[in-house]
Amino acid sequence: MSMQAETFKSLVKVAAEQVIASAPELTSLDQAIGDGDHGTNMKRGCEAVLGKLDAISAQPLDEALKMIGKTLVMTVGGASGPLYGSFFLAAGEALSHDKHLPEDLADVFGSAVNAVSARGRSHAGEKTMLDVLVPVLETLKTAAGAPDLIERVRATANEAVERTAPMQATKGRASFLGARSVGHIDPGARSSCVLVQAVCASLEGRQDNE
Amino acid sequence: MSDTVGIVIVSHSRDIAKGTADMVRQMVGSEVRVAFCGGNPDGGLGTSVPSIIDAINDAWSAKGVAILVDLGGAETNSEMAVEMLEPARRDHVVVCNAPIVEGAVMAATEAAGGSTLAQVKAVAEELSAD
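Here the protein sequences line up with chains B and W, keeping their order.
Heads up: the first sequence runs through residues 1 to 210, numbered per the numbering used here.
Heads up: the second sequence runs through residues 1 to 130, numbered per the numbering used here.
I should point out that these hints are in silico values taken from the structure, not numbers from a laboratory.
Note that the structure is predicted; figures quoted are calculated from it, not measured.
Backbone N, C-alpha and C fix where the C-beta goes; we use that ideal spot for every residue, glycine too.
Hints are not guaranteed to be accurate.
Said to hold, decoys possible - Label-pair restraints from in silico Cβ distances: (1) Q26/W to E6/B: 30 to 38 Å; (2) Q4/B to P50/W: 48 to 56 Å; (3) L53/B to G44/W: 47 to 55 Å; (4) A88/W to A155/B: 45 to 53 Å; (5) F176/B to M23/W: 42 to 50 Å; (6) G178/B to N97/W: 19 to 27 Å; (7) E47/B to A62/W: 50 to 58 Å; (8) R25/W to R180/B: 48 to 56 Å; (9) A155/B to A122/W: 24 to 32 Å; (10) G183/B to A62/W: 50 to 58 Å.
Extracted from the complex, chain B is given alone in its bound form (with noise of 0.2 Å):
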């Protein structure tokens, strides 16, 4: 196995597994102010990449996000399905398209962040996963090159993900609790604040071999 499929793999089985991980959070904040399956879902999902990773690992990268998309889609059981799905499926539609890592990077995860955006038919603000996507893109984009940028996202995400607490949700099933949503964490921020955080682990665990 190449060294970027090796890489790729840990990545993906440690992001995965930080997500089983994290799903009695999830499913808690879900709780508050959703239907309170967000957690055990989104284990679902995972689970069933797990479950296929040797054959994603096996595959160009373009190729593997796009069967990760297919397996959250077809596995987790509720927006989130298709919403992650897209990201992974966009994500694997712009490798295809002459796009490459690490350079393209900021271009791909835009990419992946406008499925989102579209799929959902939502935008930043309100109270979803896009308020930690959105502002990781944002980062990737003005911080492109630097020597810490692992730093820098992660403390964009986490710094992302306390910002949905004040916000009142304007989208899902949150929205319906109107006032009632705010002073909560959004499930699906929180998500996507462990992926990124697990990608970021992933690779500075990387560096720090070499």
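The hints should help you fit chain W onto chain B, whose structure is shown.
Just chain W now, with coordinates in the frame of chain B:
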């Protein structure tokens, strides 16, 4: 029977989806193909893209298929399922912006008269017009 638009009902709850399909059949009998699904891939409350794809194919008609959904995730998963259909079918399936029970009954009644997919969708969506 293939001369009428097919109806698919997608609820978070299999019981609601089945009950809605029962009400539809009471109106239109077997004149219209009706399929339903509900529940996540583990059988709990939620929706499942593979089940929605199967339901669309079960209700398939040359005139197309109209999908009625309950809440957000059912809509998002139905839109995703439509995009994953084979290309020849993709453009002949619509998700209606209508209440699930009334929408399904009215859509199926319209379909039974031989209306087009656009007409069936429009009738279901009149319910959400105001």
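These are the hints, each one checked on the structure:
1. Between Q26/W and E6/B the Cβ separation comes to about 59 Å, which falls outside the hinted range of 30 to 38 Å.
2. Checked against the hint of 48 to 56 Å, the pair Q4/B and P50/W fails, with Cβ atoms roughly 31 Å apart.
3. Separation of L53/B from G44/W is about 25 Å and departs from the stated range, judged on CB atoms against 47 to 55 Å.
4. Restraint check, A88/W to A155/B: a C-beta distance of roughly 49 Å satisfies the suggested window 45 to 53 Å.
5. At roughly 25 Å, the beta-carbon separation of F176/B and M23/W lies outside the given 42 to 50 Å, and the hint is violated.
6. Between G178/B and N97/W the beta carbon distance is about 21 Å. The supplied range of 19 to 27 Å therefore holds.
7. At about 39 Å, the CB distance of E47/B to A62/W disagrees with the hint of 50 to 58 Å.
8. The hinted range of 48 to 56 Å is not satisfied by R25/W and R180/B, whose Cβ atoms lie roughly 40 Å apart.
9. Checked against the hint of 24 to 32 Å, the C-beta distance between A155/B and A122/W comes to roughly 50 Å, which is inconsistent with it.
10. In this structure, G183/B and A62/W meet the distance hint of 50 to 58 Å, their C-beta atoms being roughly 52 Å apart.
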